[in-house]
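Trainee: Each chain, written out:
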Amino acid sequence: MVQAWQSSLSAAIFAAVGADAAISSTVAQRLSEAISMGLIADGEQLPPESELAGQLAISTVSLRGALAILRQAGLLETRRGRHGGSFIRASHAYTSTRSTERLAELSPSRLRDLGYELTAVTGMVASLAARRFDDDNIARLTDLAAQLGSAELPAQRLRLDSRFRIELAVASQSERLTRRMVALQAEYSELLWLPAVGLDPVACASRHRELVKAIEAGDADLARSAAEAHVTDDTRQIVELRLEMDA
Amino acid sequence: MADARQVADDVEAVLDQVYQHVDALKSTVSSAVSSAVSAGGRQLPRDRLTEVEAVVADMVADVPWVGGGGFVAALDTVDQEHRFWEWWTRGNAGIERLHPPRSSSDGAEYAYEVMQWFRDGQAGRASVFGPFVDFAGVNQLVILCAEPVVVGEQFLGVVGADLVVDLFEIQMVRRLRILAEQVVLTGSTGRVVASNTASYAPGERFASAGWIATGVDADRARWSLWAQDRDQVSPLARR
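Chains as they are written, first to last, in my numbering: chain A, 1 to 247; chain B, 1001 to 1239.
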């Protein structure tokens, strides 16, 4: 049975969408990123247009524009009839072509700036997590890191790595930082896991495990510095690729 | 001058008020499903759970710091769904249904069966869990008051209510501030629920060495109210 859209989750993803002439493409972009991260599942049915537009606080005209973009990208399928409606097609979610195009559109300076913001948020949530974690957080983080270490496909790596970082924010018990982390992962993770960046999932998983150890030891300073260093190193690798594009 | 025991009793009374409603949810779910269970059916039709809404509406109207509540089903027991909940949250107009967890892609799902409060329920225990950010659930910092639903020998799931930390913390602080000394209220996993000073934030792990505990709601919440051990603290270190 197909599940309906989860309104609270959509609010978490789309809270930062403003009133903008390019609102359709912004919404389409956020939706496709959320699909890449696995926050919206394959086969999930969208609610009726009027309801969804209301949840996202945008006009139905803007929403239709966004849905058209997704349909064209193969991320949305519209079926007619009694069991009709709009359904997410997540199997088409991650194409390195589209993410490479997005990387090319970002200037190196904007890319670094995105990295700084993610570093600030990640460092803070890691430090809070070391003071606030519970056993469920540790189990989930450990499990995600292990899955990442053995993930074969770029799409899986992207999904597991971004879920790890979101779970880290959840462990910080800050609602605001969790929302911010979801939004940042939507922007960042598809760039990070471009095959051309050459990130090693095993090495990444091992740094995640080191971080979990620091959190479990209650060492807030070590957790913060490990988390910050990891994001800084990752961002340098993306910037490296971005600079090569103009060579 | 109030003492720690009186304040602990006062906190317990606040939890009791919530648990009265959680108990009502439990009997609603139990009676709705007992006929289906006695008929030998493993699967419970969802339409038997419609009365949950009214019970949650009552609770939300009665207790201002409750954000919602409902029933989280044991796996594979309702409507052919792997995971299912009948959960209602306070909305702009009355209460709104929280869409059930999604079941397809593994990253998107809300795997409640691995969570402590659900496993406590499976083990037949009531629990008060949190504070925690209920990501992909209500997406809020909450404390969950949970209780198992068991009919005959069968575990059917967990009923519960979310205490919204935003609103609940200050209710606790008002009660704790009656005491002149610094006190910290912690949950069953040793994390802070509230304190009468800003040095201890909800959710933080609390190092209790040098503090003395007074038990709060030993049967369900297993909370503790900590006051500094006067024998070990110099008068200057006390507020």
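Any given hint could be a false lead.
[As the list claims (entries may be wrong)] To give an idea of the chain B side of the interface with chain A (calculated C-beta under 8 Å), a few residues: (1) 1114; (2) 1120; (3) 1122; (4) 1132; (5) 1133; (6) 1135; (7) 1208.
Source of the hints: derived by calculation from the structure; they are not laboratory data.
Bear in mind that the values here come from a model prediction, so they are computed numbers and not experimental data.
Think of the CB as a built atom: it goes at the ideal place given N, C-alpha and C, for glycine as much as any other residue.
Trainee: Against this structure, judge whether each hint is valid.
Mentor: Here is how each hint holds up against the structure:
Because the smallest distance between the Cβ of residue 1114 (chain B) and any Cβ of chain A comes to about 7 Å, under 8 Å, the interface hint for this residue holds. Given hint, residue 1120 (chain B) at the interface with chain A, is violated; its Cβ is 11 Å from that chain's nearest Cβ, farther than 8 Å. For residue 1122 (chain B), the suggested interface contact is broken, since its CB lies about 14 Å from the closest CB of chain A, more than 8 Å. Because the smallest distance between the Cβ of residue 1132 (chain B) and any Cβ of chain A comes to about 7 Å, under 8 Å, the interface hint for this residue holds.
Contact between residue 1133 (chain B) and chain A, as hinted, is supported at the beta carbon level, the nearest pair being about 5 Å apart and thus within 8 Å. Because the closest C-beta pair between residue 1135 (chain B) and chain A is about 5 Å apart, less than 8 Å, the hint holds. Taking 8 Å as the C-beta contact cut-off toward chain A, the hint placing residue 1208 (chain B) at the interface is violated, the least distance being around 14 Å.
In summary, the structure is inconsistent with hints 2, 3, 7 from the numbered list given earlier, while agreeing with the others.
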